[in-house]
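Top line first, the protein sequences correspond to chains A and B.
Per my numbering, the very first residue in the first sequence carries number 1; after that it's consecutive.
Per my numbering, the very first residue in the second sequence carries number 1001; after that it's consecutive.
Since the hints were made in silico from the structure, they are not lab data.
It should be emphasised that the depicted structure is a prediction, and the values quoted were computed from it without experimental measurement.
Even for Gly, the Cβ is constructed at its ideal location relative to N, Cα and C.
A hint or two may mislead.
Unchecked claim - Computed cross-link-like contacts, BS3-like style, restricted to lysine-lysine with a CA-CA straight-line distance of at most 30 Å:
(1) Lys1111/B x Lys142/A
(2) Lys1070/B x Lys1049/B
(3) Lys1111/B x Lys151/A
(4) Lys1142/B x Lys151/A
(5) Lys1158/B x Lys142/A
Said to hold, decoys possible - Which chain A residues stay away from chain B? Per the calculated CB distances, all over 12 Å, these:
(6) Gly25
(7) Ser40
(8) Ile53
(9) Cys85
(10) Asn144
There are 2 protein chains.
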Amino acid sequence: MATVDATTETGKAAAPPAPAGNFSGADLSLRALLFAATLSGLVLLVTAKQTEIIPIALLPRLTFGPNDAKFQDSPALIYLLVALCVTCLYSLLTAVSSLRFVAGSVSTTKKLFLLLVLDVLYAAIMASATGSAGGVAWIGLKGNSHTRWNKICNIYGKFCRHIGGSAVVSLIASIILVLLAILNAYSLYHRSR
Amino acid sequence: MATVDATTETGKAAAPPAPAGNFSGADLSLRALLFAATLSGLVLLVTAKQTEIIPIALLPRLTFGPNDAKFQDSPALIYLLVALCVTCLYSLLTAVSSLRFVAGSVSTTKKLFLLLVLDVLYAAIMASATGSAGGVAWIGLKGNSHTRWNKICNIYGKFCRHIGGSAVVSLIASIILVLLAILNAYSLYHRSR
């Protein structure tokens, strides 16, 4: 037991001067959380499909027909799907890179800067996708009497719950990306003092 | 003339060691651009108002009535207005702070870090507002046959041009904010090397 302790102590001492070492643990856990959030958002979005028999007003008589609600019907939701896909992939790739940070093999300032730039870009992409999906989902939920856009969530309840859940998870992913950017910025600031 | 030259030379030499001095000029011009973009977006959004005499289907007969289109009718556009307002104010405040950077009186690393954090936050807010307004504007432009949301831009042409212009200018403002964050990150990275 004593030898093991000694080894870890030596390992600690032999590590390069890394005041940002304690941040890379937080970085890794945030990236794992981002992966979980984007993956669950993707699953919620892809499984949002509902078929309902609804009345179709065909004058002079009223007929009933099956009607599908699926995310492919809205460009905003397709954009959300693409944004969630690329962010999910990004979180996976950077988590691997973050793991190497924790292992202490690579820990350059340049890498921190590049990660910061990518985090800012992905945060902007996720925020805009969340905004557009949220804007459309709000119309689906509440409708808009001024433009006579009817609400659809009273008919497609399950579909709306899926889209709403996906939008909330995307909002969480955007917040995580902003936090990651701030963490990397702080890490860079810590090194430049 | 010679004395003036000498004074400026001395002024230059007496300035504190500021390798980031050349970035603060770019920072200031980007912030001025951001102010111009958000202000024009605000003006476009607030002046988006149009009254049209349109047919209202009141069975059994068709009547015609005046109908207003204004940005207050959509929560997404109200959110865009708020985001443009706060970003406009932010750009003005930070441009003043950036001016003091250029003058060389304050130029600490801490200030760079704080500006970077604020830039990232505002970029996320502007991107989400642009996304939600863009999503709603797209429905107004193209409609959605699946949910039977009719397009309104064939009736309210001038209103739609204003909203579209405001959304484009907001997109430009979001891109400027991302660029500002990257510039500040680079400045911080430059100091930490």
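*Hints broken by the structure, by number, lowest first?*
When the structure is compared with the hints, numbers 1, 3 and 10 turn out to be violated.
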